[in-house]
Each structure stands twice: as C-alpha cells, then as structure tokens.
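Trainee: The residues making up each chain are set out below.
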Amino acid sequence: MTEVSSGTGDGRWIDPSMGMLIGEAADQKVPEGRTERGHSEGAAPLPTWDREPEARRSDDITYYDLPVLKEPVWMWVVPAYFYVGGLAGAAAVLGAVAQGSSSSRRLVNRCRWTATGAIVAGTGLLIYDLGRKERFLNMLRVFRRTSPMSVGSWVLAASGGANSSAAVLAGTDGLLRSLGDLSGAGAGLLGMPLAGYTAVLLSNSAVPAWKEARKTLPFLFVSSAINAAASLLDLMELDDDEARVVKRFGTAGRAAELLSGVMVEREIAGIERTARAYKEGVAGSLWRGGESLAVTSLILGVLPGHSRLKRFATGVTGSAAAAAAKFAVFHAGKASARDPKATFESQRSRAAH
Amino acid sequence: MAECHPVGFRWVMEAKRRGATIIHVDPRFTRTSAVSDLHVPIRAGSDIAFLGGIVNYILENERHFVDYVVNYTNAPALIDDDFRDTEDLDGLFSGWDAEKGQYDISSWSYKGTDVAPAAGQREIFSGEPHSERGTTAGAEKFDFSLQDPACVFQILKRHYSRYTPQVVEETCGIPKDLFLKVAETLCSNSGRDRTSAFCYAVGWTQHSVGVQYIRTAAIIQLLLGNIGRPGGGILALRGHASIQGSTDIPTLYNLLPGYLPMPKATFDKTFEDYVKFNESKSGWWAEFPKYIVSLLKAWFGDAATFQNGWCYEYLPNLTGDHSHMTTVADMADGAIKGYFVMGENPTVGSMHGALHRKGMRELDWLVVRDFAPTETAEFWRDAPEIQRGEVRTEDIKTEVFMFPAAAHTEKDGAFTNTQRMLQWHHKAIEPPGDCRSELHFVYHLGLRLKKLYEDSMDPKDRPLLDLTWDYPTKGPHQEPDAEAVLREINGYKVDSGEVVEGFTDLKSDGSTACGCWIYSGVYKDGVNQAARRKPGREQSWVASEWGWAWPHNRRILYNRASADPEGKPWSERKKYVWWDAKEGKWTGEDDPDFIPDRPPSYRPEEGAEGTATISGIDPFLMQGDGKGWIYAPNGLLDGPLPTHYEPQESICENPLYGQQCNPARMEWKRADNPYHRAHGDPRFPYVITTYRLTEHHTAGGMTRWLSWLSELQPEMFCEVSPELAAENGLSNGGWATITTARGEIEARVLVTRRIPPLKIRGMIVHQIGLPYHWGSRGLVKGDAANELISFVADPNVSIQESKALTGNIEAGRKSSGRRVVTSGRPVEEAVDQTSRDKPAAAQRPAGSHGVEAGKSQEGEQS
Amino acid sequence: MGTGFFTDTTVCIGCKACEVACKEWNQLPDDGMSFTAMSYDNTGDLSASTWRHVAFIERPVALSEQQTGLGNFSWLLMSDVCKHCKSAGCLENCPTGAIVRTEFDSVYVQPDICNGCGYCVVGCPFGVIDRREDDGRAWKCTLCYDRQKDGMEPACAKACPTDSIQFGDLDELRDKARRRVEQLHAGGVEEAYLYGVDEADQPGTDGLNAFFLLVDKPEVYNLPPEPVAPRKYAAPAWASVAAAGVAMALAAVAAVAGSGRQ
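Protein chains in written order, with numbering that gives the first Met the number 0: chain A, 0 to 352; chain B, 0 to 861; chain C, 0 to 261.
So here's chain A without its partners, still in its complex pose (with noise of 0.2 Å):
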C-alpha cells in the first residue's frame, strides 16, 4: 500500500472512485505531480518569519509583513501593452490631425499602420496575460462603465476598427478616401482616451502606488505616448517636412514627459513609503533610467541638423524613455503592494486629509 492509494494527491486528497467532486472549486487546477512532500503550489510559499511573533512596535504593525493587497498577477506584457497602446493612440491623434492638414499624406497613412499594428500586437500582449486566453472575447461580454478595463476595451476594439479601416482606405479615392478620413477621425478620437485610460486603469486599484498618482498618472502616460509614437516614427524613413511634424510633436511629448513625472512625484511626496516605491528596486531604476533616457532624447530632438543618425539616436532613447516611464510605474505598483505599511499609510493620509 502507497500513500497516495488514499488520494489524487491533488491536494483535496478525496478518491474520485469514492467522493464526488462536485464543489464550487472542485474543477479549479493544481499542478501535476505534487504529491511529494514539501511541495508548494498555488499562492506562493510563505516566508518563514525569522523574528518572535511578537517582536514588533505598536507604532510599526504589521501583520508578519505579510502584504494587505495581493501582488497585482499582471506579467511583463502588460506595461509593454501600456505602451504600444498609447503608441497607438498617439499615433492615431497625430494621423486625424495630419489628415486635416496639407501635410503629408505618406505621415498619416504611417500613422494608421503603425497605430494599426500597435493594436494587434498590444491586444496580442492582453490576451496573452489573461489566465484563460480562449475566453479573450468575454472582455466585450459586457461594457462595465466602472471598469476602465471594460471601457478600455471597448475603446480598443473601436480604435482597432477605426485605425485599420482607415488604414486599408488610405491608398483610395473619392468616397473610400472620405471614408477613410472619417475613419482616421474617429481613430483620432478615439487616441486619446486609447493614450490615456492605461493611467487610470492603473490608478482605480487599491494599489497605494497608483492609485495616489491618479491625478498626474495619465499625463505622464499620454505625454510618453506622444513620446512613443513620435520616437518610432523618428525611425522610419521620413522627409524634411514629416520630419519636421515629428519633431515638434516629440519634443512635446518627451518634455511633457519629464514634467509630468515630476508632477507624479509631487503627488505622491507626502506619502513616505509609495514614494519610496517609485525610487527603490526595480522601479526606482527604471524611472530614473527613464528621465535620463528623456533628457537624452529631448535633446537629441531639439539639436540642429538632419541627420537619419540623429533621428535614430532621437528615436530610440525616446522609445526606451516611454516604455521605461510604464515599466516603473507597474513595478513601482508591484512594488507598494507587497508592502504592507504602504497600504497602512496612503489609507490613513488619506483620512487624516
């Protein structure tokens, strides 16, 4: 006789041969194989607490500084989907404008593809960090207007519609053509809550370290979306007067950047510890990595001369720049969510306000 003979080893330990499994959770999956002893699945193990359970000072409580919140289960590609996702919008805005315009009629088509493809490729990163891919449709089950990951979506899938129509329309003339532009319009419409409801998905959490920049977060998102999208067009093959237009429009954007990061580190500067996820660990690198990475393509952008180096140069320290901007902030989330005494203090400044 085996010890497992008694069980599925499952962790229910119930025989299905016997014992029904019937219960609110009875279908939800554990890993194979975690019968043998020690063999930790699920939450992650718990730390073993090294200090006297009651080694604490009554104005220092925590609970074995163990988080409050749960650690948001988000993976990489969901900041890298914040920024090809205000790439999009941006770029959307930036083609409806142009299009308006006597400008170029090649930068407004780039500007649909690139949109275009910014969305594929970032819904692409959505689905691929939902726990269950194949219900990826549910996202447009129903619209939630509390949700901003419903109104995101929803927005998403329009901007997807509009930016690719107008994006197939844009080689055509006479009445498709129109269509086109109003479809480039509607994109462009569409851009800035596309740019922007990234910021406040992340600030309507109970996450200390977004929630207490919800003010000044979607600036800095929409700011390092002009930023995104300007340094991937500054990439491509462009003449002196798309240059031009894209120039002025990233230079705006990296430093719209720059202050709106400061204005988001103003926000917060009452709050000790969700301050200090914004300049500790992972995020602090990448937030100051970021700023210098801005500063470095601002100026880059505003020197004299027309080089393809110089706008290369230009448009990578500015990619890095906006993806770094939403690396820090999500880590900086990560971040305040595992620290208990974050939670404990953005609540009680909030009170005592």
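Simulated from the structure, these hints should not be mistaken for laboratory data.
Ideal placement from N, C-alpha and C gives every residue a C-beta, glycine not left out.
Do not take every clue at face value.
[Claimed, not checked] Heads up, simulated SDA-like pairs for lysine to any residue below, C-alpha to C-alpha not over 20 Å straight-line: (1) C:Lys175 / B:Arg9; (2) B:Lys15 / C:Glu181; (3) B:Lys15 / C:Gln66; (4) B:Lys758 / B:Glu652; (5) A:Lys278 / A:Val261; (6) B:Lys668 / B:Ser834; (7) A:Lys214 / A:Val261; (8) A:Lys132 / A:Trp153; (9) B:Lys780 / B:Arg387; (10) C:Lys148 / A:Gly22; (11) B:Lys15 / C:Phe34; (12) B:Lys15 / C:Ala185; (13) B:Lys15 / C:Val188; (14) B:Lys15 / B:Lys180; (15) A:Lys214 / C:Ala242.
[Said to hold, decoys possible] Have a look at the derived ranges for each label pair, beta carbon to beta carbon: (16) A:Met19 / B:Thr265: 52 to 60 Å; (17) A:Ser284 / C:Val245: 26 to 34 Å; (18) B:Arg572 / A:Lys28: 56 to 64 Å.
[Claimed, not checked] Calculated Cβ distances over 12 Å to all of chain A for the following chain C residues: (19) Met0; (20) Gly68; (21) Phe103; (22) Pro160; (23) Asp168; (24) Arg173; (25) Arg179; (26) Ala185; (27) Gly187; (28) Asn221.
Mind docking chains B and C on chain A? Use the hints.
Mentor: Same frame as chain A, now just chains B and C:
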C-alpha cells in the same frame, strides 16, 4: 480545552457570554487562555501543590460550604488512631511496606470499621483480598462539629496547612497575588447560589501521581459544595470521541463492562468468592450480584446456570498487571507473541516509541486496524532506528497484518462523551474497498474462531463455543446490526426476550441478561434512546431527550446533593432535584440520582443491609457510606490524601517533603528505559511537557493523511520562550534538537512568550512545549515527541508520565552521534536513583509489575 | 436586505474549523505544506484556494478584563473572509461581467465566465480575491452561494463552534453586533468596535456584508484601515485623461501646423 475540545468549548464560551469567569491554568498560554478571564502559568507537574493551596485557602478562611460538607462528605468521620500523615512521616503515609514496595492501607481506614470504595482499586491489593471489605455501613464514629483531631476535616487541615500561597509560589512558579485571585474567585463563585466546575484532560492524568491530581480537585469541589449540582462537577475531557465509552464497556485489562472487576486468579476462584470479595454490604454496590449474573447470562446464554456459577469460570483471570507499559516491556523481553492494535498508533502516541518498536520487533505477529498505514503498522519500514541504520528491515521477523478500518461515518454505533451521554451515529455511506467496522472485524473473527473449534471436546474451548454470538447481519458485507448489540447491552428478560427498562429491573436469579448494567435503559421500550435528537429549544433546559446518559438517563450524577438535607433546593437559582413531600418522591429537572421514594428523613436501622443502608442524606450512593470522600480510606494505592510529589524527573527537589516522588509509582528499571536524575540533572536542565494541537488528532492517524488539516500544522515544532531561545541560540523558524536519555528528536522552533519561564525559589525554570502529532509516515512528517518519554506510571491506573519530564534543547538538527537506547549503545551512564525516595521507601523491589514480577533484569541499575 | 457574516473575534478560539469546513465544502486544494513560524498561522492569508483564514496575533498588549501571569500579553485570533463589500472593487473592476452581485447581496465570481484578466485582484482593497496561476481564473469566497440556494448557512458559520462566525440577515446581524459591542463595553472591554458594519462606519466601501468585531487597530489583523472602492476616486483620473488627451491633440495640431506649405 479550546485547543483539544473546541466543540465542547462552545458551551464554555456560551457561559462566558452569560457572565461566567473562565480561569485557565496551564504552563502555556493556549487558545483557551486567549479567551479566558484569567490565565495562570504553572510549572508542569506541580498541580497538587497548587490545588492543595486552594484547599488550604478554603480551610484557613473557612470558605467551605458547611452544611454540604457536614452532611454529604466524610469530613466528620473519625480515622483510625494508627493513621500517620505525610506531615508526620516527611512525605510517606503510615503503612509503607518496604518489602512489597507498596502501602498496607489498614491504618488509613475509618475508626473501627471499613468501607467499600465506589471505584478504584476495589480488587488489587497485595496478594489477598481485603477480607472485611464491604461488611459494614461506613464510618461509625463522627464529629459533626468537625473539631476532633482524628476527624477527616482536621486531618485535611493539618495535611494542607503548609500549602500556603508562599509555598505555591515557590513550587508552581505562580505569583502569590495571581494564586489568591484564583482561590478567591473560586470561593466567591461557590455556595448556595453559585457553583463552579473544573474541566481537565490528560494534563492532569498523565503523571506518576495523576489520580491524586483529580482527587485534589474533588476535595475542593466537595468542600465548596460543587458536586451533584448544576454548573458544578469535575469534567474529564476525553481525548477521543468515545474514550468514556471505552472505559464503560472497557478496553481496559482489569475491568468488565460497567466497572465490574476482572476476576483475579489468586483469589476470585469461584463465583461465590468473586461475589463475596466484590459485593458491598452497604451502598449501591450491594446490587453487584445482579449485574454480574446478568452479564454472564448475556455472554453465555443458556449455558450459564445457577449450578455452574453462571459460567463464571469461563472468564479470563488476571495473573498480574497487564497494563499497557507492562505488556510492551514484556513484548520487548520476548514474552508476548501477538498484538492487536485497533485505532491506536502507539509508536507515535504512547510513551517511549522506541521501546514500543523494540517490543513489536519481538512479536510473531501484529494486527493493525486503522484508516491509514500508520507508523505502528509500518514500524519496520522507516522508523527512526531504521533510518539511522541501527536496525535492518530484513532482520525483523514480525508478521504484520494491516486491516483498513471504516470511519464513523461508514458504520452505525454510539459515542459516549464526557457527560456519559451516548449519541448514536448512523452510517452515511458504505465503507470503501476492504474497509470494515470494528464490529464487523470482531464479529467475523469470533465466527471463524468458533468454526475452528466447533468439533473440540476440550473443556478449555467451552467458553468460546458457549459464547452467545448470534447478531443479525445486513448488507453486502454481512455487517452485524449495531442496534442488536445495543439491545443486548441494554438487557432483556431471558424468557420473553423483552427489553428491560433499566438496571433496577435486573435480577441475580438468571432471569435477566444485560451486557452493561450502567447502560441499561439505553434501549428502553425497544427504542434506540441514544439516537434521540430533539432540539434543546423544544424541551426543558436539561434536554433529557437529546441522546441518552447513563445511568438511567441522568444528566448530573449524584444530583441528590443539589438539594439540602431536608430535600429542598439549596437556592432558587440552583434548584435541580428536590423532595416532593406531597407525592412522597424525588422530582426535579433531571432524573433524580437517588432511590425515588426514599425521604430525606430516612435513616437506616441497625443491621440494615444492601440499599436499605442508604440514608436520606447519602447522595453519593455508590459509596459504601453514601458520602463524598474527601479522605479516601481505601481504593487508592498511593495515599488517602493527595500529596505533592515531584515528577520522576524534575528540575528541583520536593519543596515540601523529604520523599521526592510518589513512593508507590511504577518504575521500569531497564537498560532500555533509563531515567534522569531525580532532580537537578545537569544534562537535562529544562522541563518538557507535551500536548495536542487543534489541527491534529492525537497520534495523527486521522489527520496527517488529510491535506486540509496537514497544511494547517505541517511540521513538528517546539515552543520555547524568548529567554530560553536566547540562552541556547535558538531562532524562530529554525531547528532545534531535543534530547532525553531515551532518545532525541528534531523540531522547528517557535519562539513565543506564550510559554514563559517561571521563577521558583530564585531559580529560573524554562519549559519546552512539544506537540506530539507527527511521525515518519503521512503527508506531513516529523519526529514524535513521545520518543523522549520514559516508562513510569501512576500506580492506580498505570498511566504514563508524559506531561512533566526533563530534557535538553540545542540549536540545529539531529546529530548522528546519539542513538535511541533500544537499538544502539546505551546513551548515558548509570544515574544515582536513590534521591527519589526516602530510605524507608528506597528499597522497592524491582520489576514488581507484570508477569515478570520479581525477575531481575539484565542491565538493571538499582 | 441580504445576508452576510458577523465575525466576533472576541470569542474566536482559532480552531480553524472554518478554514477546513470551507475547503472541504468547496473542495479547494491545499496551499502546500509550509511551516511559517508565524505563531499558529501556516496559511498566511486569504488566497484563491483559501477562502477563510484565521490570523494569530501575539501582542505585547493586555486585553481589558483579562489577567495573565504573562503580564502585558494577549493572543488575538480572527477568522478573515471576503467582505462582500456593498461597493465591491473586484466587481466594479471586472470587465467581463464574471463577477456579479447575487440575490443574497453577495459578490460572486462565475468561474465559467472569468477569463483571468487579473483586474479584480488590484481592485480589492482587502487583498482577498486572487488569480490561481495554474488555473488562470480568479477565485474567492462565494458566501456559499450553492448552500444558500438550498437554504443552508455557509459552511464556515455552520462549523464555527463558538459562534464567532455568525451568519444571517444583515439587518439582524448589525443589531446583534451592536448589542454585543455594548455588552463588551459594559463589561469593561472598552476597545471593542465594529469594522465595516455600515456605510457610515466605512464610507469607502459603503459598508461590508461581512463585518467584524475587533479589539485593536485594523492593521493588527492585516485589515486595511480605510479601504475605498477604487471607482470612488476614478473621476479625477478620467478628468486628467480628458485634459491630457486634449493637450495631445493640441500638441499634434501644433506639430502639424505649417507643414506641407513649403
């Protein structure tokens, strides 16, 4: 109680909601302490000093319930002039027989007479029965003013006069003011209007002087008038769902069902002898013949006749002590061939697991019935000594049979709880696979044995062949009908087969059969009374229609004491049972535990016999004299009054007496059972105590194989104070190794203020807490705490001392150098044993217990 | 209207019967066998597969009306559970409609709809709901929706031996809870208070359908002191998005301005 009896604890919390004060006395601050009003940390093994202190407080401050004490207890009884107290003899009572190593109790008796105890050692005395036992009606000489120096009350006062708050502090480590608060709270909550209850579990029993712990509580409760009254009593919390049931219909070697003694080979030679030595001429045990005859009729049916002494001689006879530890020691010596282990996991749950396994290695065969292949069933696979390579599996010749057992949800039957209440459980599902109930196993084993011997003409096989063994069976597995067994336990009229109404219907003429007289009535009217489930809100607050309590569905035993001598309730608030003069009978909320029509004014005439000797003010009718025994003139092997003795292994000298330990304790002086020094052993400077956790059940057979319970307490750990941790470099969450002379174990460390160091006479005493649930098998594994515990026992009930011993602790995991004593070289050198006993008691004969009595053993160290 | 829990921590004995009854009824897997050395708590927190969790707090502070030889010490025990907030962050964040409010006013995750986006996880100010990595879906206490459907009380409340967990009609529970606090105050336990009993008490969540009686700050029990459903502070963020969007459009206009004329 919250730790180990959370379901019963619901009523404690209910009482607390209604204003009750909860006091918790424990070395540790447990889940019970967490919700108590008062938590008192105590040095493990010092409870008699603590409780004796309360007795002294009551007497010094005259807080006893005078009317109750004078009328219902033996406080006024005068004691034999030859009696000498421990105060006179420095820790020994009069009558110590150095040659036999036990007390001659004749000097403890009432002046000029003798009396039968209701329970206890009715049967075991040194070699011969106490001839006069049960011939007269209790004490003949009294001093109802309680002033005579020879009366129990004055003896008690002298005995406990030195158990002052100061001595309590120096012995138990309980600060004086905390002790006084307990004593005062208890006294002020007792009397006519109020009652207090004691709850205890194995924290009290598992000591070499365990029975006397409970005796001390009984003295307190009798002095305060808290017995036989609602809200009073002493509640023994049982470790399993039906441990009460397993003593009522016993799994104990020295009892027959209903607390009838097992015949002794030495003197209970015939039925007449057996009855003569066990029947009491006074009190309720005068009914004894009715119960044994009905039992024999139930077992042997038509074969049992008056002429053949009701087949009395079929019963097995005791040739000596066959208690658990004695049996295991005999096993280790190769004297026992086979062993049935049913629903128990002794290599984890009992003391000195290594010695148990050594015993099992010497068996020819072993049968284990359990839910899972426990450490006992698999002692040959990965026991510690096999893991260490000291024993090889292939060298073990024992044949092991593992039978999977059905769970309680898979069989019909009854649980008997601490209130003596039987509650029936119905089978919800067929047991899976080869799992069968115990009833099935035993019944079909019996059938096969009968079949095996059916042609035998040998007279020695008659008991088996004459045994009534005809229960109806049902279902695909031929499961015996459990209700049919219950019906037999209830009893029936032999001629008509009609069930009896209760034990008062039983006869000694062979016309009735009854499997257990105290359970008689459980199948009254042919109805399974234990299966009644009428909700409490639909009946009186006593809830007599929920389940069934023995005897006679009485919810509080000796409840005549809830009324005053005139039969009126002590108070309106505490009224329970009273005398209805108009109707001429006892009545009340509960079934009166008294002769229904005996008026309070009744006094027995001179020469009265049997139940006629029970006067109207004798609530404790099972006793020969009908009184609550503050002083036990007989029935106990280690003294008429509880006396503080140190555990076999202690960190200090006995602060009260020259006699260090219970002189009558059972010791096993064997090379494989070494003891530490009596006190102050420098190698083992700390007190160890063991206990259970809520999350696991005893030795873990029911819980360590279940993921939902295992994850809650996944590893063996020890609990130590921050001070002890600092002293020995232990860190929370790290590892520690705990050692005694018997073995060593490793455990994770939980540093907590919940197990505080205590101050005793300027010395800091550290205590180490060890839960004992883990073993080498199951989903979660760990070392078993009981590997550390020695074989030493209380003399009255042969229970081990696992709640107080000494040991050492060091940081880190097990070393490989040390070994358990049963399989490697002896760990420690011989230790001086003399300091445990005064010279008068020191020359105790070795091995005076068990079939090997008197045989000197190899490696003996005395 | 609606049903919920009142968890009275002053009578909790930490037996964990609620944890086990919950896992048994809902057939949840274990969380692995790890010894934490955090007092008697080896499961740590609520998770996707632990829907009731008992906290053990060894506290260097004495409880009022309790005396112990340990001096300033007490052991707080508390059974935690999903709060089924009136304004539930998880529900309001759920983009798929998998999380719904039931006829019993509880918050319920429909496992056949949840696509594991993880947005509820960040929306819960109590850190209750979690996504199970191997399963990919979010899980939490259902307030035994299936048992309530059949007229039974939730498994944890049923198993609780001391009635620390009380289940019932919310209005009645609130009355009961308030009376209990009064009783404790009258008995000298001044520190007893209710956590999340109603909207006035916890405006951030509009009150909890599973509320608690505590005797120390919420932080001690790992509860958030002032939880707020995220929706309640989303408006300024949307306003900022609008402003930033417009600014972006203006930046685009400025960037484009004058181009193509050369």
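Trainee: Would you mind marking each hint as holding or not holding in the structure?
Mentor: Right, here's what the structure says about each hint:
Between lysine 175 (chain C) and arginine 9 (chain B), the direct Cα distance comes to roughly 18 Å. Compliance with the 20 Å bound is thereby established for this hinted pair. For the suggested pair lysine 15 (chain B) and glutamate 181 (chain C), the alpha carbons sit about 15 Å apart, so the restraint of at most 20 Å is met. A threshold of 20 Å between alpha carbons decides the hint, and for lysine 15 (chain B) with glutamine 66 (chain C) the separation of about 15 Å falls inside it, so the pair holds. The suggested pairing of lysine 758 (chain B) with glutamate 652 (chain B) holds, with an alpha-carbon distance near 15 Å, which does not exceed 20 Å.
A threshold of 20 Å between alpha carbons decides the hint, and for lysine 278 (chain A) with valine 261 (chain A) the separation of about 13 Å falls inside it, so the pair holds. Of the pairs offered as hints, the one joining lysine 668 (chain B) and serine 834 (chain B) holds, with about 15 Å between alpha carbons and a cut-off of 20 Å not exceeded. Taking the CA atoms of lysine 214 (chain A) and valine 261 (chain A), the gap is about 13 Å. The hint holds against a cut of 20 Å. For the proposed pair lysine 132 (chain A) and tryptophan 153 (chain A), the alpha carbon gap of about 18 Å is at most 20 Å, so the pair holds.
About 16 Å separates the Cα atoms of lysine 780 (chain B) and arginine 387 (chain B), which keeps this hinted pair within 20 Å; it holds. At most 20 Å may separate the alpha-carbon atoms for a hinted pair to count; lysine 148 (chain C) and glycine 22 (chain A) meet this at roughly 14 Å. Simply put, lysine 15 (chain B) and phenylalanine 34 (chain C) have alpha-carbon atoms about 33 Å apart, too far for the 20 Å limit, and the pair is violated. With a C-alpha separation of about 14 Å, the suggested pairing of lysine 15 (chain B) with alanine 185 (chain C) holds against the 20 Å cut-off.
Note on lysine 15 (chain B) and valine 188 (chain C): the hinted pairing holds, with a Cα-Cα distance of about 13 Å set against a maximum of 20 Å. Only pairs whose Cα atoms come within 20 Å are accepted, and lysine 15 (chain B) paired with lysine 180 (chain B) is accepted, the gap being roughly 18 Å. Proposed proximity of lysine 214 (chain A) and alanine 242 (chain C) is supported: the alpha carbons are some 11 Å apart, at most 20 Å. In this structure the supplied range 52 to 60 Å holds for methionine 19 (chain A) paired with threonine 265 (chain B), their Cβ-Cβ distance being about 59 Å.
Checked against the hint of 26 to 34 Å, the pair serine 284 (chain A) and valine 245 (chain C) passes, with Cβ atoms roughly 33 Å apart. Between arginine 572 (chain B) and lysine 28 (chain A) the Cβ separation comes to about 60 Å, which falls inside the hinted range of 56 to 64 Å. With a closest Cβ-Cβ approach of about 22 Å to chain A, methionine 0 (chain C) is found to remain outside the 12 Å limit, as its non-interface label requires. With a least beta-carbon separation of about 16 Å from chain A, glycine 68 (chain C) lies farther than 12 Å from that chain, consistent with its non-interface assignment.
No Cβ of chain A comes within 12 Å of the Cβ of phenylalanine 103 (chain C); the nearest lies about 14 Å off, and the non-interface call holds. Even its closest Cβ contact with chain A, about 22 Å, leaves proline 160 (chain C) beyond 12 Å, as expected for a residue assigned away from the interface. With a cut of 12 Å on Cβ distances, aspartate 168 (chain C) stays outside the contact zone with chain A, its closest approach being about 23 Å. Interface exclusion of arginine 173 (chain C) from chain A stands, the closest Cβ pair being 23 Å apart, more than 12 Å.
With 12 Å as the threshold on Cβ separation, the claim that arginine 179 (chain C) sits away from chain A holds: the shortest Cβ distance comes to roughly 24 Å. Look at alanine 185 (chain C): its CB is around 27 Å from the nearest CB on chain A, clear of 12 Å, so calling it non-interface holds up. Listed as a non-interface residue, glycine 187 (chain C) keeps its Cβ farther than 12 Å from every Cβ of chain A; the least gap is roughly 21 Å. At roughly 3 Å, the least C-beta separation between asparagine 221 (chain C) and chain A is not larger than 12 Å, which violates its mark as non-interface.
The structure fails to meet hints 11 and 28 from the earlier list, while all remaining hints are met.
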